[in-house]
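Take these sequences, add in the hints, and give me the full structure.
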Amino acid sequence: MPELPEVETTVRGLNKKVPERTFIDVWSDWEKIVKKPKSFAQFKKDIKNKKIKKIWRRAKNIIFDLSDGWSLLVHQKMTGHLLVGEWGLHNGQWKPKKEGPLSDPYNRFLHLIFFLDNGKMLALSDARKFAKAELWKAEELLNSKEFNSIGPEPLDKNFTFKKFEGALGNKKGKIKQVLMNPEVIAGIGNIYSSEALWRARIHPEKNVAKLGEKELKSLYEAIKKVLSLAVKLGGESFSDYRKPDGSKGDFDTERQVYKREGQKCGRCGEKIKRIKFAGRSAFFCPSCQKL
DNA sequence: CGAGGTACCTGACAGC
DNA sequence: TGCTGTCAGGTACCTC
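Going by the numbering used here, the first residue of the first sequence is number 1, and it counts up by one from there.
Everything labelled a hint here was simulated from the structure, so no lab data went into it. Misleading hints may appear alongside valid ones.
[As the list claims (entries may be wrong)] List time: in silico DSS-like cross-link candidates among lysine-lysine, alpha-carbon distance up to 27 Å:
#, residue 1, residue 2
1, K225, K163
2, K97, K48
3, K174, K163
4, K120, K16
5, K50, K132
[Unchecked claim] Simulated DEER-style distance windows between Cβ atoms:
#, residue 1, residue 2, range
6, G88, K217, 23 to 33 Å
7, D245, G269, 33 to 43 Å
8, G212, F130, 17 to 27 Å
9, K98, R267, 42 to 52 Å
10, K98, C268, 24 to 34 Å
11, S228, K77, 15 to 25 Å
12, K98, A278, 37 to 47 Å
13, L89, N170, 19 to 29 Å
14, F147, G262, 13 to 23 Å
15, K225, A41, 42 to 52 Å
16, E270, E20, 50 to 60 Å
17, N118, L229, 32 to 42 Å
By construction, the Cβ of each residue, glycine as well, lies at the ideal position given by its N, Cα and C atoms.
As structure tokens, then:
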């Protein structure tokens with residue numbers, strides 16, 4: 001699933017394509033994907049004729065500011081991604097109208113499609129159906145508990161080292177797990193936590209309380225660097241994630257440890273290891289990242 | 001409160 | 001070929 005760089009890439013792509021467009025209709029073969037309002041029929045009714053103003057994100061949530069003070073929130077979760085293009089229905093299957101990036105097999109799991117007033121469509125492809133869409137009154141969303149419990153944005157200008165230290169605060173537990181907690185810092189998931197820790201030469205299982213000032217500083221820098229590099233490259237597409245035009249992101253060349261078990265560390269040549277804790281895989285170099 | 005497990009789902013792939 | 005098991009980018013919720 002997309003992490004911060006992939007979500008940011010999606011937002012930037014959408015902002016080039018859909019502002020000023022109006023929703024004409026919505027289709028779904030998995031109505032449960034809409035969590036708010038509870039009834040899909042109501043969702044359909046509510047979103048009709050709403051105009052898209054701009055798209056932004058908070059953590060991994062994508063928010064469409066709509067006319068009349070409404071907001072559409074989409075979370076892509078593990079395998080979801082938003083696409084803009086044109087599809088046609090053939091024997092119950094949506095097929096892209098033109099050959100190209102949208103024909104990529106990972107783009108074929110369309111479960112929610114918004115029809116726009118220019119003939120194009122905004123579609124959510126999601127193999128695992130974990131993604132969600134919610135329609136909010138903008139003010140209600142901004143004041144919601146879930147929205148306000150999200151940690152600071154690591155690419156914000158005001159995300160200072162002090163703020164980073166403050167976010168980690170007196171957290172206990174393994175650093176990788178803490179980095180992935182959305183209430184601590186926004187947007188970091190399994191890939192970029194592993195990648196940042198490799199760059200900072202910190203073992204993923206190191207206890208937060210045992211990190212020295214120097215380690216914290218290099219981790220802070222590593223997080224900002226790896227995330228902004230990934231944004232610049234349009235994110236990671238080794239699996240399901242695709243940009244809004246259906247094409248792949250280019251972070252793959254920079255991937256040092258994630259999903260590289262058994263391959264050589266780009267720094268010291270040692271074999272990358274995979275361990276499991278907190279129900280997730282962690283990848284690291286046992287020689288560069290010691291406990 | 002923290003840690004750990006489960007739930008939500010389906011597809012890709014490895015191994016037999 | 002086809003079956004089985006493992007793994008998957010997230011996060012909410014439950015229990016101990």
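So, going through the hints one by one against the coordinates:
no. : hint                    : result
1   : K225 - K163             : holds, 16 Å
2   : K97 - K48               : holds, 24 Å
3   : K174 - K163             : holds, 19 Å
4   : K120 - K16              : holds, 13 Å
5   : K50 - K132              : holds, 19 Å
6   : G88 - K217: 23 to 33 Å  : violated, 54 Å
7   : D245 - G269: 33 to 43 Å : holds, 38 Å
8   : G212 - F130: 17 to 27 Å : violated, 38 Å
9   : K98 - R267: 42 to 52 Å  : holds, 44 Å
10  : K98 - C268: 24 to 34 Å  : violated, 47 Å
11  : S228 - K77: 15 to 25 Å  : holds, 23 Å
12  : K98 - A278: 37 to 47 Å  : holds, 43 Å
13  : L89 - N170: 19 to 29 Å  : violated, 55 Å
14  : F147 - G262: 13 to 23 Å : violated, 41 Å
15  : K225 - A41: 42 to 52 Å  : holds, 47 Å
16  : E270 - E20: 50 to 60 Å  : holds, 53 Å
17  : N118 - L229: 32 to 42 Å : holds, 34 Å
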